[in-house]
Amino acid sequence: MKNNGLEEDAGDVFQDGVVVLFERLNSPGFVLSCSIKTFLYAVCRNIWLKKLRIHKQIPTHIKDFENLYDIPMIDEDGIVSHQNKDKLENALKQLGERCQKLLESYYFLKHSMKQIAENMQYTNEDNAKNQKYKCLQQLKVLIKN
Amino acid sequence: MNSEEQDIDLIERFFREELNSEELNSFEQRIKTDSAFAGEVIAMRDIFYSVKANARANLKLELAAIQNSIPQNDFKKYNPNKLKIIKWVSGAVIVAAVITGISFWYINGGHKTIRSFQSGDTLEQTDSLIENATPGNSSTPPGPTIIKDPSDTSLSRYKADIRFEVKDPESFKIRRLGFENGLYKFEITADGKTFEVSNPNPDLDKVLLKKAQEGNAALKDSITMQPLERVDGIDN
Chain C
1 MKNNGLEEDA GDVFQDGVVV LFERLNSPGF VLSCSIKTFL YAVCRNIWLK KLRIHKQIPT
61 HIKDFENLYD IPMIDEDGIV SHQNKDKLEN ALKQLGERCQ KLLESYYFLK HSMKQIAENM
121 QYTNEDNAKN QKYKCLQQLK VLIKN
Chain R
1 MNSEEQDIDL IERFFREELN SEELNSFEQR IKTDSAFAGE VIAMRDIFYS VKANARANLK
61 LELAAIQNSI PQNDFKKYNP NKLKIIKWVS GAVIVAAVIT GISFWYINGG HKTIRSFQSG
121 DTLEQTDSLI ENATPGNSST PPGPTIIKDP SDTSLSRYKA DIRFEVKDPE SFKIRRLGFE
181 NGLYKFEITA DGKTFEVSNP NPDLDKVLLK KAQEGNAALK DSITMQPLER VDGIDN
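Same order as they appear, the protein sequences are chains C and R.
The first sequence begins at 1 in the working numbering and counts up by one.
The second sequence begins at 1 in the working numbering and counts up by one.
Keep in mind that the hints were calculated from the coordinates and are not lab data.
Ideal Cβ positions, reconstructed from N, Cα and C, are used throughout, including at glycine.
No false leads were mixed into what you were given.
Below, in silico cross-link-like pairs of lysine-lysine (DSS-like), each with a Cα-Cα straight-line distance of 27 Å or less:
1. C:K37 with R:K60
2. R:K60 with C:K85
3. C:K87 with R:K60
4. C:K37 with C:K51
5. C:K101 with C:K140
6. R:K60 with C:K51
7. C:K140 with R:K32
Pairwise CB distance ranges, derived in the manner of DEER restraints:
8. R:Q67 with C:V141: 32 to 40 Å
9. R:S3 with C:S33: 36 to 44 Å
10. R:N58 with C:I36: 19 to 27 Å
11. C:R98 with R:A64: 17 to 25 Å
12. R:F37 with C:M120: 28 to 36 Å
13. C:S33 with R:V93: 42 to 50 Å
14. R:V89 with C:S112: 55 to 63 Å
15. C:V31 with R:I70: 28 to 36 Å
16. C:I36 with R:E5: 37 to 45 Å
17. C:M120 with R:Q67: 24 to 32 Å
Assemble the whole structure, with the sequences as input and the hints as a guide.
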């Protein structure tokens, strides 16, 4: 809020920070080498700096933690083209809830097929894998349409 | 598993960063040489990142719902303006305190530099510090004289006799400023002028008063001179 932000922005950035923490904790090999508070602060700081850069606003007071705990942030927003993004979002909305959950578990949470089979009560890993393939094909069809 | 399924599995493992270096080299080589495979990688890339973005958005919605379920009254609202006001008020108080301190110090003569007197120094008429304080002598200038007799043996141990011609005795005021090299430094105000004199007697004001009363019967009746202010600031 000291850097051109509103209370709503702070809440939004904090939620983004928690999502990043959640993703990192699910990434294999991730080791948290500082307190969660420090990690969250550093992540939120990066997110806010990125937002300021997008809106061409210059930060004034974000000096702390500058080089203390630099979290590399991969900007995934620009990977998918704007045109495809809308199409994909719509296709995902039309995809069944169970398929959405299956793909999210594998792509976002990076769960193994074994974990997914257990969590989603598939009979075995192969069955879950087969189901994932079907969901993917279904999504591709929705994207084309 | 057919070849298409195998390719999808490979591409998914690439995006999940599970390929070893050998697989990764082969994967990159195939993108360069197999345009159909490259097209599939791009399509899968869009799906992969869209699914992730969608999952993030869903997670944020869940977090917002959790946040909204918590009573907001439990939190102190962050008010940056309040912090600004506190900072400004604190700053103003500090500045006011500094100004008051400096004024107090200035009014009380703290800014005056007292000349260092060396042991054995005597006050000379030409000494700018004593200005109108003159060595006592027998020639009596006009006007009331407080210490007028240099033959007064009671003051013989002093480095100098001091004579003041005070037109308005009630304006007489003496302050002690410091102590250095065996001499006490006094600021004496009389007739609207300020003098700095050095004297070995710590109670110069009392001596002057006594002399005024004892030395001249006429003065004794006409002058009721009292030190108006006395500040002890001796640096021993």
